[in-house]
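> Chains as they are written, first to last, in my numbering: chain A, 7 to 123; chain B, 2 to 109.
Simulated from the structure, these hints should not be mistaken for laboratory data. Computed from a predicted structure; not experimentally measured. All C-beta atoms in this analysis are idealised placements derived from N, C-alpha and C, irrespective of residue type, glycine included. Careful: at least some of the hints might be erroneous.
Said to hold, decoys possible - Examples of chain A residues lying across from chain B (beta carbon under 7 Å, computed): (1) S49; (2) L50; (3) I99; (4) E109; (5) F114; (6) G117.
Claimed, not checked - Calculated lysine to aspartate or glutamate pairs in the DMTMM-like style (CA-CA distance at most 25 Å, straight line): (7) K4/B - D107/A; (8) K4/B - E109/A; (9) K4/B - E65/A; (10) K61/A - D107/A; (11) K70/B - D107/A.
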Amino acid sequence: GAVVSQHPSWVICKSGTSVKIECRSLDFQATTMFWYRQFPKQSLMLMATSNEGSKATYEQGVEKDKFLINHASLTLSTLTVTSAHPEDSSFYICSAKQGADRESPLHFGNGTRLTVT
Amino acid sequence: LAKTTQPISMDSYEGQEVNITCSHNNIATNDYITWYQQFPSQGPRFIIQGYKTKVTNEVASLFIPADRKSSTLSLPRVSLSDTAVYYCLVGEYQKVTFGTGTKLQVIP
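Please construct the entire structure, taking both the sequences and the accompanying hints into account.
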């Protein structure tokens with residue numbers, strides 16, 4: 007089955023530093039990937055849509071200069087949290103759609119737990 | 002995007018069949034209905050997907066009435082390892098919105 011790999015699975019960083027999270031589709035190509043944020047006991051919130059070869063589309067309220075997304079290839083999208091602050095501590099999850107058909111389901115990575123101290 | 006409504010939580014004893022219903026009154030003609038399972042500190046995992054009537058796979062069944070305004074995920078003979086949050090998703094593949102999900106607690 008389709009596998010999406012996310013790295014790292016957890017990271018601790020100091021306030022003011024930047025952190026990069028990778029999302030890879032291991033056995034399929036994904037022209038579109040999605041990034042979510044999930045706070046404890048809450049649902050997933052879509053942050054942005056990552057498009058291969060073009061700029062990402064951000065959801066309302068998500069700062070594009072703070073959450074930099076790069077989708078340089080059909081199998082890799084990265085999310086960089088710049089100048090991280092404690093309030094950015096959260097669980098970040100990516101997903102990718104295997105096919106272009108409307109009914110093709112999303113496949114999710116296992117998430118990255120970010121803790122900013 | 003079709004908004005979904007699910008019960009916030011459910012409890013069930015081991016070995017019982019569990020049915021989780023999701024309401025999606027404004028589902029579009031081309032929308033599919035997809036269910037995901039999420040364990041703590043993990044990404045959601047695809048369970049089942051359907052468009053109408055009934056779909057069954059090795060882990061669950063999905064029942065969709067003719068008007069498609071709701072759907073029911075059926076988990077046969079649940080075990081403790083089925084304790085998780087279950088999400089019903091409906092909508093355009095490019096922008097899927099997660100609702101609150103249903104937290105299923107399986108009791109020994």
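> A separate judgement is required for each hint: does it hold in the structure or not?
Against the structure, the hints come out as follows:
1. S49: holds (5 Å)
2. L50: holds (4 Å)
3. I99: holds (5 Å)
4. E109: holds (5 Å)
5. F114: Interface hint status for F114/A: holds (3 Å vs cutoff 7 Å).
6. G117: holds (5 Å)
7. K4/B - D107/A: holds (21 Å)
8. K4/B - E109/A: Holds, because 18 Å separates the two Cα atoms, which is no more than 25 Å.
9. K4/B - E65/A: holds (17 Å)
10. K61/A - D107/A: With a Cα-Cα distance of about 22 Å, the restraint between K61/A and D107/A holds, given a limit of 25 Å.
11. K70/B - D107/A: Within the cut-off at roughly 22 Å; holds.
When the structure is compared with the earlier hints, no violation turns up for any of them.
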